[in-house]
Amino acid sequence: MTQGLQAIVDGILIGGVYAIVSSGLSLVFGIMGVVNFAHAEFLMVGMFVAYFAWAILGLDPLIGSLIALVVVFLAGAGLQRTLIRPILKAPPVAQIFLTVGLMFTLENGALLLFGADYRSVVTSYQTESLHLGGIIVSMPYLFAFLMSVISGGLLWAFMRYSRTGRAMRATAQDPMAAKLVGINTDRMHQIAFGLGVGLTAFGGAVILPYLTVYPTVGSQYVVLMFTVVVLGGLGSVAGAVVGGLAVGVIQALSALVFPMQLQNLVLFVVFIAVLALRPSGLLKGASA
Amino acid sequence: MSKSAEDQRSSSLVVSRRTILAGTGAALAMPFIARQGMAAAKDVNVGVVVPLSGANAQFGINSRNAIQLVADEINAAGGIKSLGGAKLNLIIADSTSTPTTAATVAQRMISQNSVVAVLGAFASSLTLAISEVTERRGIPLLTMSFSDVLTERGFKNVFQVVSKGSTLGRAQFDYSVALAKASGETIGKVAIMYEDTAYGTSQAEGLRQAAKAAGIAVVLDEAYPLGVTDATPLINKLRSSGAQLVFPVSYLNDSILIVRTMRQQGLDIPTIGGAAGYVIPDFRKALADLGDGVLSISPANYDQAPELTERFRKRFGYFMVHEAIEHAALTGVLASALENAKSTAPDALRAALLGATFDQGWASVMTGGSVRFDETGHNKNAYPVMVQWQKDELVTVYPPEAAKGKAQWSKRG
Amino acid sequence: MSAETILQVRGLSRRFGGLTAVNDVSFDLTRGEVLGLIGPNGAGKTTMFNLLVGIHRPSSGSIRLKGTETSGLKPNRIAKLGMTKTFQNVALFQESSVLDNVLTGALLHHPVAQARDAAHEMLRRVGLDHIAGKLAGDLSFPERARVEVARALCTRPDILLLDEVMAALNAVEMEEFLALVRDLRKDGLTIVVVEHHMQAIMTMCDRILVLNFGGLIAEGTPREVAHHPAVVEAYLGKAYTGDHGAH
Ligand SMILES: Nc1ncnc2c1ncn2[C@@H]1O[C@H](COP(=O)(O)OP(=O)(O)O)[C@@H](O)[C@H]1O
Ligand SMILES: [Mg+2]
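Protein chains in written order, with this note's numbering: chain A, 1 to 288; chain B, 1 to 413; chain C, 1 to 247.
Calculated from the structure, these hints are not laboratory results.
Relax, there's no trap hidden among the hints.
Selected chain A positions facing chain C (Cβ under 10 Å, derived; list incomplete):
1) Arg163
2) Arg166
3) Arg169
4) Ala170
5) Gln173
6) Met176
7) Ala178
8) Lys179
9) Val181
10) Gly182
11) Asn184
12) Arg187
Partial list, derived from the structure: chain A residues whose beta carbon lies under 7 Å from chain B:
13) Asp10
14) Ala116
15) Asp117
16) Ala255
Think of the CB as a built atom: it goes at the ideal place given N, C-alpha and C, for glycine as much as any other residue.
Just chain A, same shape as in the assembly (with noise of 0.2 Å):
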């Protein structure tokens, strides 16, 4: 019973930040249509940001996650200028090539730079925890978590209520009637894909002080990200809301019954069994 309760609350505090980091994605596809493979190697990039910033200016990561979001958001959207803008009208496969080359670039650009070194930080709550009744609440993980559901009201509310925000919806609307009501569609683009890698780095920052960073952290996370997607629906950030908070409770739930091995195995059955039964995502599903 309390180890239930304790697997759900561990799912619910990690499925929060895989909510954030997978957002980022969804707001790329969602408003770009490009399915970005790269997108990943941004959490790399946030991370080692983070860590920098804790290396050199002695600033926590949770702080440090905001200058991961700035320096991402302006690199990225400096990369869809450059990269991602010529090929939005290409084929997909164009698209995938790209994305994949990036992928393969940032991966092995930080392993030039860095080299294959797992560095992590140190800080004050990294090894403090909550016991509420029986249930231990690690700070690391709900500091995390917290930032990741801050984060992501700031994201909704901006969203839904800035100019931007709505103009960026409309652009993935309707772009042509987006630029016929006056909205910079390219601008748009470019934004989107700031934010949205932006905000990716921006969860790896916050989950730095539990995790260790390296060049090829991202790969360890790029099939989880389109598991929480495509589980809350492809473009949907509310979805990634949903799907990221599903992924982590159904990881930790199935950590329970079954070795830690299978643990990515029986996420995959429930999202091949999602795709069976709601091919559109959870939250459309659960709407039509």
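Using the hints provided, position chains B and C with the ligands relative to the given structure of chain A.
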């Protein structure tokens, strides 16, 4: 339980990606097989194949540093005297993380550089691949890889300087029980956690056998995928298993996650790591004080021969990690064998390697103070030691004849 | 007459491969007028609109909006300069509410504080304020067309191009729509309409251009155009063989 199709599919996905990466790396690295100056006619070419890129690069770099250090010292002292002062000329190549690449570069240095022996390649899977090549060409392969298989296939040209994986696993277990007993604790329940590739699996097997022999219950026996990103479920299981101590067999990333998550949950049963991730400076750097008191089994430790290993620290700025120690020992052994053989012919060299006890210079840096290969090519004199993080140093605490400090058993490690 | 020329089109052509969809068309638009653009299906009316608002680039020719050359500019730039259009098959933000559709336009062209009022005002004018909260994708075709008009109006255009918005309207709705056009015109808006409903065109427009095979074949008041031989021929479905210099 057998792996299902989905599971295999997902892992093959990762593997194929790694393979592509490694392949690319190999293609890039190929033209850069390093040559240390032009070999004069009498110089002796020695092949070094270690991972210099990819996930294991740090270990490969440590190994290369040690080999370099020893070769430089030998050359400065006049080279191989029986060969007219021939210098050791290192031919260094990147094995990457791919066995086929490792085998290819070894093949290449044998045919193009006429190396007299090959040193490498840290990871057992890579060494196994290289050993096929060296066996075919009759060139000695000197290694510090753990895998039992290396010297159990009847190969004539493999020389393994360290204790085998299963020996390490058994020692990890037996030493721990002995240390607990010495501080008045009786161990009845233990937990084993291991990463699910060759290294973790074989060492876990040694632990399991030792537990069985000692009649001690293994209350948690759990493999986890190498790239694990969240150790919480694992530690939840550990906590509810009621184990009195835990044996995690992990690389660096997972060892950090495991120790940190245990501390978060206030779980402070003794942690006795299985070498790899637990005995390198980065472990301590990443965990800071959290790492203090953590124990680990190790095939060698630098405090066994400080007069030698301090030279490494002086030159490279960090303590001499075990793979460096073992590669240094191998380089020293190779130099002595060449000296004794008075020839670079493979047969003469093999005979020289098999015959003698090597206890001079760097050959004495291993546990036991000497190296002696039995007919299978395994170093009979090697035995594992138990080390503990005490402040910033790794202190040998067991067995008594090797101990340099007292084990702090009750410490949370 | 001191009427201001708000739009000047000269020698405008657009080719799609071997097909010339708009062929060397020139005309002027006077501020405040309602201009009809008619012609058989495939004549190039929609293409003409797309050229004006920047969806297509002209193959040759020039477009000057309030004195500014706009050919080659992006649609969003042209919208900001004061010219936009509605789509023949209606393009709404389907997953947003009616109000959000209109508000998206309003926010870009009004101070934030006034955008919401402006959006409601435009919805009122097209008679849809009572369903402001409904999802755009759930509306009927005529309703959607009106949302699109309201959204376009929220960009505060000087010139509004309406591409067959009256298709599928019933008699009552059509009356309402004609009233709306009269209303807008009173406010000084310049409007170009593409319609097939001849009676509506005749009552609504000050002037009519007739396109056929991409070329301008007639121009004039509704009465003049209705009796133009080339137009009669084109609309009677006879093979049009006359030279393009007929007008
Ligand atoms: N994007 C396009 N590519 C190729 N041909 C087009 C394109 N748009 C329109 N056309 C062609 O141009 C001609 C004019 O079409 P259109 O302007 O839609 O006519 P209308 O609106 O008068 O019915 C038609 O033959 C049409 O097939
Ligand atoms: Mg048309």
